[in-house]
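J.: Residues per chain are reported as follows:
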Amino acid sequence: MAATPWEGELVNDVKRQFGAQILEASSYLDQNFFVVAPEAVISLLEFLRLEADFDYLVDLTAAHYPDRENQFDLFYILYSFARNERIRVKTSIAETATPSTAVGVHLTADWLEREVFDMFGIRFDGHPNMTRLLLPEDWQGYPLRKQKTLIDMDNRWVQENLGIESGQ
Amino acid sequence: MPEPTFLDSTELVLNMGPQHPSTHGVLRVILKLDGEKVIGTECVIGYLHRGVEKIAENRTYTMFAPYVDRMDYIAAISNGLGYCLAVEKLLKVEAPPRAQVVRVILTELNRIASHLFWLGTHALDIGAITPLFYTLREREEILKIFEDYCGARLTTHAFRIGGLQYEVHDGLERQVKDFCDYIVPKIDEYEELLTNNRIWVERLKGVGILTADECKQFGVTGPVLRAAGVQWDLRKAQPYSGYEKYDFDVPIAHGADTYDRYVVRMLEMRQCVRILRQAVEGIPEGPILAKVGKVIKPAAGEAYVSIEAPKGELGYFIVSDGSTQPYRLRVRPPSLINLQALDRMVRGGLVADVVAIIGTLDIVLGEVDR
Amino acid sequence: MKKFLRTIFLVDLLQGLWVTFRNQHPKHIYTEQYPAERPKVAERYRGAPRLNINPDNGETLCIACNLCALACPENLIVVTSERNEQTRRKELTEFTYDTSRCMFCGLCEDACPVDALELTQDFELATYTRDGLIWDRQLLEEGPKPTPYRF
Ligand code: SF4
Ligand code: SF4
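Protein chains in written order, with the numbering used here: chain A, 158 to 325; chain B, 157 to 526; chain C, 3 to 153.
Bear in mind the hints are in silico, worked out from the structure with no lab data behind them.
For clarity, every value in this text was computed on a predicted model and none was experimentally measured.
Cβ coordinates follow ideal geometry from the N, Cα and C atoms, glycine included.
Do not rely on the hints blindly, as some may be mistaken.
Computed beta-carbon distance windows for the label pairs [said to hold, decoys possible]:
| hint | chain 1 | residue 1 | chain 2 | residue 2 | range |
| --- | --- | --- | --- | --- | --- |
| 1 | B | 426 | C | 42 | 25 to 33 Å |
| 2 | B | 438 | A | 252 | 52 to 60 Å |
| 3 | A | 252 | B | 433 | 53 to 61 Å |
| 4 | B | 310 | C | 17 | 29 to 37 Å |
| 5 | B | 438 | A | 187 | 25 to 33 Å |
| 6 | C | 131 | A | 282 | 51 to 59 Å |
| 7 | A | 261 | C | 42 | 58 to 66 Å |
| 8 | A | 294 | B | 310 | 31 to 39 Å |
| 9 | A | 289 | B | 338 | 41 to 49 Å |
| 10 | A | 241 | B | 410 | 17 to 25 Å |
| 11 | B | 387 | A | 297 | 41 to 49 Å |
| 12 | C | 85 | B | 433 | 54 to 62 Å |
| 13 | C | 9 | B | 296 | 33 to 41 Å |
Can you make the complete structure from the sequences, with help from the hints?
T.: Structural data, given as structure tokens:
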């Protein structure tokens with residue numbers, strides 16, 4: 158990704174506050190993002206919300222990179238009504254990591270984190286109700302992880318509950 | 157505290173759905189009641205989950221386009237527009253002007269269709285059956301235009317990455333102009349039926365209040381946010397597809413209740429007609445497809461692009477690894493995120509209002525569950 | 003006072019009823035009499051697939067290039083061909099199209115270089131069995147023959 162450095166007042170403020178925890182501040186295709194250390198995410202979201210008016214958590218999602226040491230990337234997309242500006246906060250976590258929940262900062266994160274747990278199996282620490290959102294409770298595995306192919310995704314559940322062969 | 161016996165138990169758990177007709181699909185809401193009063197809810201969703209995001213990882217960019225129509229099937233064209241814009245962003249191309257204008261025309265028609273469908277079903281939930289027949293009749297006119305343009309009525313697959321697949325058919329301008337002339341008196345007619353109707357007003361005024369601050373906390377967008385007094389519309393805030401060229405207003409209301417959401421949507425339809433009138437006047441000549449090549453292969457990178465769908469902010473976040481298939485594609489569905497505020501809206505209200513509030517959120521379960 | 007009278011005489015409700023009454027007029031009838039009258043669908047309608055044949059010599063237009071099968075997101079087209087030793091060209095032998103999984107998106111007809119595969123204006127695709135939804139080459143060339151009903 159040919160990202161260019163992102164500069165501006167906001168970046169300076171954030172860097173002053175968080176120092177080395179901000180690993181990167183770049184922009185790609187005119188979209189600005191921070192790459193931060195996982196432990197700094199929640200305090201950064203809080204800082205952005207209180208000091209820089211980023212009061213709307215647009216989306217929270219993840220991506221899986223099985224070949225990397227830190228297998229998951231977490232993305233927080235934020236928007237500020239006052240500044241009409243959109244930024245992303247990105248962090249990498251290990252497979253076994255339990256990042257802290259963002260529910261305390263943005264209520265939207267409740268279902269979004271449940272969805273990430275449902276699809277990727279990332280447990281959020283401190284979340285009030287860490288259960289599956291879309292898939293059935295007794296589903297095995299996490300579909301959006303990369304190693305699962307479409308065909309062998311929980312065949313057992315489909316056969317037991319629907320009595321049909323899964324797949325094409 | 158003594159063991160609660162049957163007689164002093166005050167909490168009643170009521171299961172609503174998933175086959176309840178007023179949940180607009182397969183939404184299951186578990187209501188905790190104290191008499192008539194709702195003291196808590198829990199939504200059970202996922203009955204319509206088809207794994208759209210997983211499908212995307214196994215299809216090429218071109219092949220995935222028809223699937224997005226199946227999320228919010230009431231506004232399939234908006235879904236398609238958002239997806240095409242997101243891939244175009246990654247490819248660093250822009251659709252030619254002619255394609256952009258046609259896109260605006262079809263999306264605005266779709267917005268009217270979606271609001272009409274919402275109005276009909278919402279009124280039906282509240283007990284007014286007649287508007288449903290009228291609104292579906294008018295929606296039919298829109299679907300006819302879609303059918304003439306791209307050959308399908310609901311899941312249209314009208315746009316392609318980089319522009320349009322189909323050249324405009326003869327008479328599109330005429331059809332759209334006729335439709336604009338036709339729909340305005342019809343909207344007046346609905347207002348005549350409902351706006352001052354005392355049953356309608358009594359059922360909706362002050363029900364399901366969600367203030368602007370709460371909207372922002374829950375990430376609720378679209379007409380619900382605008383009815384809370386926030387003048388925010390992505391078409392104005394971050395224009396895409398040439399929306400900056402059109403002259404239109406973003407209607408707002410201040411009551412933040414169900415009635416005001418109705419008012420906002422009615423006004424929005426009139427604004428759509430305004431945009432449509434301007435757009436059909438000047439469809440520029442020129443190509444309809446930008447040069448994107450046969451194989452779509454964006455450079456590695458990520459982009460988030462969102463549009464103002466009829467239900468709120470619809471976003472696509474795509475991570476590309478430089479191959480022909482998206483590495484990760486995330487849809488930010490407005491329905492799912494708006495539905496999350498249901499709990500806040502119904503708490504403390506009456507059980508009979510739950511139906512009105514689900515209706516006013518304008519959710520489509522295909523999009524909630526994906 | 004005016005408001006009071008309006009409330010007493012149910013003006014708002016009568017207004018609404020008047021709208022309903024206006025719409026009773028026969029010119030507002032929109033019901034289509036399908037199947038007695040077959041509705042006319044748009045020229046570009048994406049309905050039943052058809053494999054076109056050359057009207058001059060009755061041979062198929064398909065050159066068995068397999069592009070449609072590659073373009074289909076649902077992977078439901080299977081094209082088999084064999085090489086004709088005399089002309090050294092590939093010739094179509096079988097063409098299977100599974101309409102039960104098709105979403106009529108039109109990507110296959112866009113991909114076809116010779117306009118052999120086309121989605122037509124036929125929309126009566128229902129059958130009594132699942133197998134009936136899998137169309138072979140003959141059915142694709144002839145088109146579906148739905149039962150005509152008499153009234
Ligand atoms: S219409 Fe779409 S789904 Fe159906 S065969 Fe063609 S490409 Fe496949
Ligand atoms: S793309 Fe056309 S010519 Fe090629 S195999 Fe399919 S139908 Fe035949």
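J.: Return the numbers of the hints above that this structure violates; sort them in rising order.
T.: none
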